[in-house]
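**Q** Sequence:
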Amino acid sequence: MKTLKVIGNCCFVFLAIIGLCVSLAYGYYHFFVKDVTTGTNYIDNQIALDIVASDDLTEEQKNEFEERYFMEANFFSNAKNNGIALQELKFNYFTDYSLSSNAYRSTGMQYLGDLKQSDLIITETTEQEAQRYESTSFSYYDTTNGVSWEGNKLRTQLNRESAFTIKIDNRAFQIQLTGTYEWTTYKRSWWSLWLYNQPITNILYYNYLNVFADCMEAIRTNNQGYGDYYITVDLSEYFTIREYDLESGKYKEDNVTDIIKNYSVLKFHYDENGARNSTQSLFGIIDCNPSYDIVEEEIDTTYWQERMVYTLNEDDFSYRYSDVYQGYFLSLNMDTKKMFDEMPRAKVNVNIDLQAQYLKDKNINIVGLDYNAFEGFEIDTLTIKGQAQKFYLLEKSLYDTQLQTFKYSKGLEFDIAPNATNNEYQGVEL
Numbered sequence: 066m067k068t069l070k071v072i073g074n075c076c077f078v079f080l081a082i083i084g085l086c087v088s089l090a091y092g093y094y095h096f097f098v099k100d101v102t103t104g105t106n107y108i109d110n111q112i113a114l115d116i117v118a119s120d121d122l123t124e125e126q127k128n129e130f131e132e133r134y135f136m137e138a139n140f141f142s143n144a145k146n147n148g149i150a151l152q153e154l155k156f157n158y159f160t161d162y163s164l165s166s167n168a169y170r171s172t173g174m175q176y177l178g179d180l181k182q183s184d185l186i187i188t189e190t191t192e193q194e195a196q197r198y199e200s201t202s203f204s205y206y207d208t209t210n211g212v213s214w215e216g217n218k219l220r221t222q223l224n225r226e227s228a229f230t231i232k233i234d235n236r237a238f239q240i241q242l243t244g245t246y247e248w249t250t251y252k253r254s255w256w257s258l259w260l261y262n263q264p265i266t267n268i269l270y271y272n273y274l275n276v277f278a279d280c281m282e283a284i285r286t287n288n289q290g291y292g293d294y295y296i297t298v299d300l301s302e303y304f305t306i307r308e309y310d311l312e313s314g315k316y317k318e319d320n321v322t323d324i325i326k327n328y329s330v331l332k333f334h335y336d337e338n339g340a341r342n343s344t345q346s347l348f349g350i351i352d353c354n355p356s357y358d359i360v361e362e363e364i365d366t367t368y369w370q371e372r373m374v375y376t377l378n379e380d381d382f383s384y385r386y387s388d389v390y391q392g393y394f395l396s397l398n399m400d401t402k403k404m405f406d407e408m409p410r411a412k413v414n415v416n417i418d419l420q421a422q423y424l425k426d427k428n429i430n431i432v433g434l435d436y437n438a439f440e441g442f443e444i445d446t447l448t449i450k451g452q453a454q455k456f457y458l459l460e461k462s463l464y465d466t467q468l469q470t471f472k473y474s475k476g477l478e479f480d481i482a483p484n485a486t487n488n489e490y491q492g493v494e495l
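66 is the number of the first residue of the sequence shown in our numbering; add one for each residue after it.
Quick caveat, the hints were computed from the structure, so don't treat them as lab data.
Quick caveat: nothing in here was measured; it's all calculated off a predicted structure.
No false leads were slipped in.
Derived lysine to aspartate or glutamate pairs resembling EDC-like cross-links, with alpha carbons at most 16 Å apart:
{"no.": "1", "residue 1": "K317", "residue 2": "D161"}
{"no.": "2", "residue 1": "K427", "residue 2": "E379"}
{"no.": "3", "residue 1": "K450", "residue 2": "E494"}
{"no.": "4", "residue 1": "K402", "residue 2": "E443"}
Please take these sequences and the hints and turn them into a complete structure.
**A** Okay, structure coming up:
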């Protein structure tokens, strides 16, 4: 009996020691060990979830929806000294988590001049002051239902307190400017007889002036020069992103990803000319004046006038059957090409749906773009939608088209001839 009692006491002591070790290990892990997960969020188009291909939409509406990116910029450098330097940055977002077209809204900022990184000045401020800071060097506009306006306190305030609802992978997220930058300086005080360097922590609270200057620097230094382009920028230094929780009806803090990389597509126009007329602005306004104009008769309309946007679909092309490939190759017919030759300011997008009803009715299975299919025909955006198959781009099919963006469905496998095209473009997987 005495032996059993001794053994029992030893077991209790042993279990107590194990319990203490487990508790200490848990406490150390909870307070000192942090799992770091690197996540990547891509912020590209901000097209509403209720927007679908519809015959009720005009071509202008379709192109407006297709070109809606989170960030858009305009940069008139005035290198030719024929107007004014003008820089603009616009953010497209939603007013609620429904991500529907009736929740569309845009807000942006406009600067008359050429703002550079070297123009930024760091000023001392408190955190509370920084949260509501909005530079007075800019004009600010909101856009609702296609109308842009400056409403002072009625518009969206572009400061650190504002949060925007955006779409990522067809889910609602909230994005907010929260970034800071810290650095340490050293100061000697009289009470230490100037022998001791006291460390002082300095905090810079980023604002939209910093975001604006970085975007303009990216545009200014792009290796393609003047034109219309899309680039991917990293927003992780500036913004925090929170996902919308359908169950709670609130935006939740990200408790999984400690390092988050938020990539956003910036769509921009970079021009060597100066701005001369309010119609050139992203907002249709320059310096809060919708009628802004610099001597009407001196305006060079070849670079500022609006371009008519056209979209070519399956019934606008010619088709050639190939016994070798067991399918049809598509090309632009000469009549259509001649018609657009007479409209030099036309902007053309090409949409090809490999499962379109028109093709099914005609019993046409498209396998690619024919030889010289669009050679010499300017195309802004080429979109090919369809199920998994091999798609051929034959010789010079996109030669001299100045193609900017190539959108295509996931699963399409492209066999591209070496000289199918002769310019660089951005590929976007749908």
